Each structure stands twice: as structure tokens, then as C-alpha cells.
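Chain A is fixed; fit chain B onto it per the hints.
Those sequence lines, one after another, are chains A and B. Numbering-wise, our numbering puts 26 at position 26 of the first sequence, and it's gapless, one number per residue. Numbering-wise, our numbering puts 160 at position 46 of the second sequence, and it's gapless, one number per residue.
Derived from the structure by calculation, the hints contain no laboratory data. Every value quoted in this text rests on a predicted model; they were computed, and no experiment measured them. The reader is advised that the hints may include incorrect statements.
Below 20 angstroms or equal to it, Euclidean Cα-Cα: the simulated EDC-like pairs (lysine to aspartate or glutamate) are [what the hints assert, rightly or not]:
no., chain 1, residue 1, chain 2, residue 2
1, A, 57, A, 79
2, A, 15, A, 84
3, A, 57, B, 215
4, A, 68, A, 53
5, A, 106, B, 198
6, A, 106, A, 26
7, A, 68, A, 26
8, A, 58, A, 26
9, A, 42, A, 84
10, A, 58, B, 215
11, A, 68, B, 215
12, A, 15, A, 56
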Amino acid sequence: QQQVKQSPQSLIVQKGGISIINCAYENTAFDYFPWYQQFPGKGPALLIAIRPDVSEKKEGRFTISFNKSAKQFSLHIMDSQPGDSATYFCAASSIGGGADGLTFGKGTHLIIQP
Amino acid sequence: EAGVTQSPTHLIKTRGQQATLRCSPISGHTSVYWYQQALGLGLQFLLWYDEGEERNRGNFPPRFSGRQFPNYSSELNVNALELEDSALYLCASSRSPGRTDTQYFGPGTRLTVL
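Isolated chain A (complex conformation) (with noise of 0.2 angstroms):
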């Protein structure tokens, strides 16, 4: 049973332009939302989080909305730059119930076109 759901599963960007990735989950206890980017050969890397207790959260060119009503976050990249492309995977816990890891969406391949 997938309870996080990822979309879409390949986004190709121009250089400059803003790159959405969405992310659904099912499971109410969740209250950690982090996101990760993935390199080709490398693991994973934490990118950006975000707390069901603030609806927005912005690092630098990437933001994180997040509405919990609906069970949805997403990923916002502003500026989206060539070295931006990468796997993106949202992901999601109980940050106090780590017993059963991170649940991962399936991820989205991002490639930003010069």
C-alpha cells in the first residue's frame, strides 16, 4: 500500500522557469515532510522539510507548500537551473515514530533544459 503518492513521474523545465513537483499522503499521523534529491550513484540528500504546523517553508530557490487539509505538499524550484536535474522524492513520517523509516514517494525524474 503506497501512502505517499508522487507526481508527475518525469518533468523536463527551460532553464529559468519554475519546477512543481506534488506529493499526496493518507496517513494523518504523518508530521514530517522532508524532500530529497538524488544524484546518479549517489544517495539521497535531504533537501528541504517542512512541519505540518506552518503552511510554506523557503530555502534559497526551493520552497515547500503545504496544505494539510487536503494531504498535500509540494515542491517548488524557482529558477530552475541545469544542475538542478535530478531525482526528486518527497517523502514522509512521524518524526517521533521513526520505528518505521521514511514512507517515499516513487520520484520524479527532473531535467532542466539550457
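Below, chain B without anything else, positioned relative to chain A:
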């Protein structure tokens, strides 16, 4: 500070054999999580070890097992390999047992079963 390390980088086995994968956590981290990243399926939680004990396991058969050593390094064993076990196996370590907001991933071991 050295990151999470995993060995080997690549491992090729035939069906029915056993595979052993190793993980060294970040210094000071006592928790180790194992994830399987199969093509198109995202990351799926496999096992959690803390202070030398298996604390939880995901929805995987018993032929997936492991252990954690006194120095907190960990080993994942996969017995009776099947073709569908081919995947990238990722290890993550955490300094805070049971918390998912402090997980750092290694580069992974690519297991190929022929």
C-alpha cells in the same frame, strides 16, 4: 565529518545465492536504517537497527536480515536471492534513535541478481 559509507559499490550474484552488504554510519550515530530502491518503486523501508538490536522491519520476507555490530556498523544479508531483489540498497544513519529528521544516506550498493 565523514558521511555514511557502504560497501561494496556493486555486487553481482546469481539466483539462489546469498548477498552481504555493509554500512558504516556517521561517527556518533547509533541508528542504522536500510532501504531498498527498486526501479520505479522509490525507496522502501527494510530494517532499523539501534544499539545493536533490530527495532523494526518493513514488509519484506525473512530472507532479508541483518545485524548491527558494537561499533554501530551494520550488515544486510539477503538469502536465496531472487531476480526481483535487484535494486539499490541504501543505508541511512541517525544520531537520534526513532527520529526520522536526522537520517543521512550513504551512496548505496547496487545489487544485481542474474
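Looking back at the numbered hints, which does the structure fail to meet, lowest number first? 8, 12
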